[in-house]
Amino acid sequence: MSTHAAAATTSASHWDGGHSPYATNSKKFGMWLFIISDALTFSALLFAYTYSRVSNPDWPTPFHFNPSIIFSSVMTFALLTSSLTMVMAVHSMNQGNRKAAARWILATMLAGATFVGLHLTEWLNLINNEHVTPASNPWGVPLFGATFFGITGLHMTHVVIGIIYLGIICQAVMRGKFKAEDVEVAGLYWHFVDLVWMFVFPLVYLMSAKI
Amino acid sequence: MSEHTVSIPTFSKVWVALLALTAVEVFLAYEQVPTLIMLTALIGLSVIKAALIIGYFMHLKFERLSLFLTLFPMLVFCILLMLIFLGDATRIPHMRPGA
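Chains as they are written, first to last, in my numbering: chain A, 1 to 211; chain B, 1 to 99.
None of these hints come from the bench; they were simulated from the model.
Watch out, some of these pointers could steer you wrong.
Stated by the list, open to error - Pulled a few chain A residues facing chain B out of the computed Cβ check, cut under 8 angstroms:
(1) A39
(2) T50
(3) H91
Predicted, not measured: the structure shown is a model, and the values here were computed from it.
Each residue gets a CB set at the ideal place from its N, CA and C atoms; glycine is no exception.
Given these sequences and hints, build the entire structure.
Here it is in structure tokens:
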């Protein structure tokens, strides 16, 4: 009798096959695995930055509160708001409201584009007016440019890819294609980009602030 | 469970909390807190923000525990492993000629 009971418990296990043990679809699980590996890429870069910084006591702190920190705070606001609109897109899609979902996705793309626009303005200001390049800068620690452009550049690449990804999802949603889970998976990617910025912003900008 | 839907007011609250935590971070930068305290506070606040984003926006709080256990312990472990190198970084400035 006890073996019978044991067999019954086993067949009720999530790991018995026939369905996802995580109760998610495979796209979502795949996106999670990608996010974890990408998180490791970004943490390796941030650790490389920390290492360079600790080993160079004369690391420059070129970001004045006004305008640099205020500027990057506005960028943070744009990205955080885009996460909220993305959540709303997933919410609308779950309720079957494709029109609203498409509109929220467009709002998300717009906030993302605002972020990239502001970021590029800042980059151009650093390159043209402050003469910072990946290999040199006026403050004596050449690694500053390499880590700054490396980390923020990779992050900006992710935002641009995210905007393209959302654009593809958006036009499909408007044409009645794709399911709610596809919007949700795109949302996971977008939130991850936001999440990375939550570490880049304090470590790269706020730690280099000068009043 | 993915069937669980979070309500819109919850999302707004999480968004406001994220903005408030960011404001605290910017305030710390404005006050020019000593570096080590600043770094600890910023990392602490950022981890809280990350947890809010992962838990609510990325919906992980409402997924099965097995998904979280499959993904996150190894991520945290790998990130902690990277700390091994930091000891060397603190020694480099003393090894430079003329330091």
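Against the structure, the hints come out as follows:
1. A39: With Cβ-Cβ at 6 angstroms, under 8 angstroms, it holds.
2. T50: Where the cut-off is 8 angstroms and the nearest Cβ of chain B is about 7 angstroms from T50 of chain A, the hint holds.
3. H91: holds, 7 angstroms
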